[in-house]
Each structure stands twice: as C-alpha cells, then as structure tokens.
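2 protein chains.
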Amino acid sequence: MSGLARFSVNQMTVKQLSLPELVHECEDLGIGHVGLWREPVQEYGVAAAAGLVRDAGLTVTTLCRGGFLTAIEPQERARALDDNRRAVDEAAIMGTDTLVLVSGGLPSGSTDLRGARERIADALAELGPYAEQHGVRLAIEPLHPMYAADRCVVSTLGQALDLAERFPARQVGVTVDTYHIWWDDTAPDQIARAGASGRIHTFQLADWTTPLPRGVLTGRGQIGDGSIDMREWLGYVEKAGYTGAIEVELFNDALWARDGREVLTETAERFVRHVTG
Amino acid sequence: MSGLARFSVNQMTVKQLSLPELVHECEDLGIGHVGLWREPVQEYGVAAAAGLVRDAGLTVTTLCRGGFLTAIEPQERARALDDNRRAVDEAAIMGTDTLVLVSGGLPSGSTDLRGARERIADALAELGPYAEQHGVRLAIEPLHPMYAADRCVVSTLGQALDLAERFPARQVGVTVDTYHIWWDDTAPDQIARAGASGRIHTFQLADWTTPLPRGVLTGRGQIGDGSIDMREWLGYVEKAGYTGAIEVELFNDALWARDGREVLTETAERFVRHVTG
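Line by line, the protein sequences give chains H and X.
Going by our numbering, the first residue of the first sequence is number 2, and it counts up by one from there.
Going by our numbering, the first residue of the second sequence is number 2, and it counts up by one from there.
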C-alpha cells in the first residue's frame, strides 16, 4: 500500500494481536513503524522484543508509557520514579527515542490541580537528566480534559508546554494527539510553540466519535469515523517542522472485538485515505 | 437553614419534583431562588408557572435553555432562531433576566468547528437585540470539551467570551459553571475578563465525579463529592465582581432516583457546607 511511509501503528490499536503477530502483519502489509506498550513488551521479554522488531526492520516510534507522577505520599512517589526509570531503560533497549508520559490524576480526596501539576515538574527534574543519559526523550501527553481527575491533570498542550519548557527539549517535549486536543482553538498556536523549540516528540491520531462509553476510555474512533479533520492537524504539525512518523493509537472495544489483521489493514487504508492520500 | 441567601436550585437537580412540588419545597426549606427549564415550564403553562413562582416569592435566576445555533441548513437555522425568540419571550414572562444558551454541536458529517462557532455569532447578531428589547440577557455556556461534537462547540470560557464580546454585555454574556471549566488553568483569568465587562450572567455549580456514565450527560456530582474546590471558584467570580445567585445544577441518575425533597435538602446542606458556610 503506498502512502504508508510515515504510518506507525500503535500496538494498542490492535491489542488482540500478540507481539510476534503484530510484527509479522506489519512486515506483510509494508508497515515500517510501530508504537509499543510496556506491558506486552515486558510479557514477551524486553530484550527478546527488541530483537524481534529489529530483525523485522521495524522502527519503534514510541514506548507507552511512563508517568503517573502526581502521588503525594513519599513511598508512592519513590515507586513511581523507579518505575519511570525502568520505562526509560526499556525504551532505550527497544531502540526508541521517545517515552510517552501520562502524567497522572488527582490523588484520592484532593482538589489541588495546581499542586499535582507542580509535583509532575518535580519528578521531571529527576527523570529528564536520566532519560537524556539513555538517549530517550520524555513526551508529556496532554490528555483530554475529561481525564483530568482520574488519569492526567495535564489537559492542554499549553499546560504540557508550560511544564516541558522548564527543561531542555532533548529531555522533555510533548505528545500531540488529535483525540485529546481537537476541540481546543488555541492548540494550533501551541503546536507552533512546541515546534519552535523542537518539542513535538510524537504525533498521534485518533478520531472523536460519540456517544462516549462508560469510563470514556475505550471509545476512540477509527480514522475517518468522527469529527476530526486529520489533514488539518497534520498541516499544523508539519508547519511547525514535524517530519516524523504519524502514529495511530485507538482504544476501541468494537475494534478489539474484530480480527486483528483486518483492523490493521483497515487502519492503514484509513490512514492513506484521510491523512496522507 | 442559614447560608442559603444566594443559593438557587436549578430545576434539573430535582427533576423528579413537579413544578408546584418544587415551589412548595423551596418555600418550606427557605430557598429563595430557582433556575427553571423550558420544557417543564411549558408543560405547566408559562403564564401559570410565572404566577406560581411569583406568588411564592421566588426569584427565577435563569431559564434553561436556548441555543443549538450551529445548523447549516437554512430552514433548520430559521427554526432554531424562532425557537430562541420564543425562549426569550418565555424568560421575560417568567421574570428572569438570563437565558442560558447551549450553543449546539457539529452538524452531522461536519468537522468544521470554526465554521460552527461563526454560525453561532451570526445567530447572536439576530438574537441579541431581540433579547435586549425583552429585558433578557443571553448567557453563552461553555460546555466541557467532551461535548464539543454533539452538544456544544463552545468549550472554554475564552471561546465563549470571544463570541460574547462582539456584542454589548447587556445582550450577551457567559455562564460560568464549575463542572465545565474546573480543569482549565486559564479559566480564572477568563473569569476576570468576563467580570471586567460585566458578562458573568450566571454562576452554576456541579462537582466532577468519576467514572463518567455512558454518554457523559448524567454524571454531574453532588457538591462535595468530587474533585472541584467550590470555594476557590466562588472566590474567582467574587473577585471579578459577581454578587448574584449561585445555582446548583446537577444531572445525576442516582440523585434523580431518590426522593426529591431529600435531594433538595441534601443539596442545600452541601451548599452551606462547601460553598458559603
């Protein structure tokens, strides 16, 4: 299929495929990039997984995910930092330069968003240099504001950049994901801001479809099924200087219930039709 | 109950109560303000409803709601404008100076948020003068970004004010509702901006609780149950000069399943405990 040169499939999009199945299907369909998740990579064995994708000639565009850095309790914070250092190690072994960070929600009973965001900055001050030493960049992902309480207190690109800019771009940048920012009329300017300091560390796509499911986690729409003009957003990141891979990351119960190869083929076709074609 | 001087109960919070029941319970509990919805008011009869609340000495803080102004098709647009003029008429009859506007989502198949927002501005140019002639102010309500596709393309106070400021404040202002804006670190500045031009036309409260239900419409939390510091937000609107009523508007399946008087009493108690007490 032509038009796939920049296409990267995030492993979560076809999580029904095992890692070897995913690698095999990518080879078969001419897909050159994958975004991987820590849990299935750990399950397979990190070194073995690295060998598998390397032997197939696949590029690992991102590892998902580090983060969850908002805990107040000291032991919990120490555990989170340890886990993030392990995530950096795993990213380095997998040969990717980008670790996506989902920053974490409000601690139970807390209403202090500002304090939670400040604790993320404190953690980045420790993790940024560690990541740089391992050739890995941290990519703060602003999640849609509907996740602010329970998953990620960083809700906009503006907030993500306010955090990232306290550190060198080679340590900390951002994830630009259409699903989380499409509603935000200030996002195009924030993409330009991110590009100007070299902080667009990855660009991800998912479409917005309704009704949202209970818990709002597994309703990310297939490209072309929803309300987002993908070419418009590709235009913004390209104007900001981004030339890297474009990762499609869908969490979708209906897609997960289908045959993985069929979903992967459909996703590649949608990518060509709605993004690069 | 003391501490209720500024408390207004939005009818939707206790929609299991009929209008006469609501009025009776407000009298009984010493609640002086209500926010009403068009459908139950129409069902009772607008003039009769106006008499009922007037005789009870109740102030109607808002009428909910006009809006849904994003249609492209000319006949559909004309119908929407007609309906909004009727909503203004009804607000005037009910003796409230504020009509809340939920602006409307994307038309089916459209991905053009900017165009939809521009059509709202076009509609306001017609509706603003009509409202002013009837002594009614339009209050654009930014809805949480999770509603951008299917309910309201105005997702932030900043966007709402960009629209409102094209018109005199006596015609168009905004609704500040904690549920929709609590995640937004720019909202405090936007509240100040709204206050500076006299555009905080109503202040509403609901708390943020998770998990969100399917469709994300009926999960607004009871005051004190969630992630929002109500006193903090009251502080922002008061600093911006707002001295009006504070309306509690909850859409919540669990609350609707309970006895209406019990829920109203609880809501008043929560208001005193978490807002003014």
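Please note that a few of the clues may not be correct.
For chains that are exact copies, the list does not tell them apart, and a pair is met inside one copy or across any two.
As the list claims (entries may be wrong) - Calculated cross-link-like contacts (lysine to any residue; reagent style SDA-like; alpha-carbon spacing at most 25 Å):
| no. | residue 1 | residue 2 |
| --- | --- | --- |
| 1 | Lys240 | Asp113 |
| 2 | Lys240 | Val47 |
| 3 | Lys240 | Ser111 |
| 4 | Lys16 | Pro212 |
| 5 | Lys240 | Leu53 |
| 6 | Lys240 | Glu263 |
These are calculated hints, taken from the structure and not from any lab test.
Going through the hints against the structure:
1. Lys240 with Asp113: between (36 Å within a copy, 20 Å between copies)
2. Lys240 with Val47: Neither, since 36 Å and 55 Å both go past 25 Å.
3. Lys240 with Ser111: between (40 Å within a copy, 24 Å between copies)
4. Lys16 with Pro212: Classified as both; 22 Å inside a copy, 23 Å across copies.
5. Lys240 with Leu53: Classified as neither; 35 Å inside a copy, 60 Å across copies.
6. Lys240 with Glu263: Classified as neither; 33 Å inside a copy, 57 Å across copies.
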